[in-house]
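Student: Sequence:
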Amino acid sequence: MSLKALALNGTLKSADCSEPSSTGKLLELIAKEFTKHGVETKTIRLADHNIKPGVTSDEGEGDAWPEIRRQILQADILLVGTPIWLGQPGSVCKRALERMDAFLEETDDQGRMISYGKVAAVAVVGNEDGAHHVSAEVFQALNDVGFTIPANAVAYWVGEAMGSTNFVDLKKTPEAVEGMISMLARNTAHLAKLLKKSQYPGEEG
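For the sequence shown, position 52 matches number 52 in the numbering used here, and the numbering has no gaps at all.
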């Protein structure tokens, strides 16, 4: 069974930035691992798009969210990548999560949120402690709006506090990170296949 994943790169760097993205590097490694499990991944760098503030699915003229939303709903897996800033998920990631708040009111004819049956995972990078806190925030938000979270569905790397080395600067991926990527990919793909075969039950009567 083939699966589709959509990765949302929440880096604060836009495409015209000359600096490489550590978030982007981690997402690329996960996407490569996904291929071993029959998952094809497309990545959207959120900072390149005019995602307007708000909590609806369409905030009017010029809003890029409706097209991103369409691609989220077409995918079986949503992979959310964010850097740590001030000990929290980045603002770009937060905006995407806020826009998905609309899923709470968008249901099918059996009362299920339109995101039901879709699986989500998280990737976090930073130069300070906080990966668990950040992943917890993103996991809770995704679960609130209907996504299913597999076991060990996070891969992260944090450098030394106040340090200058970024994940993208590493010559070799640490074994611990490789292990997290492997677990994330296989668990996420496994659960996505199960839910694709058997959707959650809807409301009775």
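No wet-lab data here; the hints were simulated from the structure.
Since the model is a prediction, treat every value here as computed from it, not as a measurement.
Among these hints, one or two may not hold up.
Unchecked claim - Pair by pair, the computed Cβ-Cβ distance ranges are:
id	residue 1	residue 2	range
1	18	42	37 to 47 Å
2	20	160	11 to 21 Å
3	52	199	26 to 36 Å
Stated by the list, open to error - Dumping the calculated DSS-like pairs for lysine-lysine here, alpha-carbon to alpha-carbon at most 27 Å:
id	residue 1	residue 2
4	52	36
5	13	94
6	13	197
7	171	52
8	42	52
9	94	52
10	25	197
11	196	172
12	196	52
13	36	94
For glycine and all other residues, C-beta sits at the position ideal for the given N, C-alpha and C.
Student: Any hints this thing doesn't respect? Which numbers, in order?
Tutor: Of the numbered hints, 1, 4, 6, 7, 10, 11, 12, 13 do not hold.
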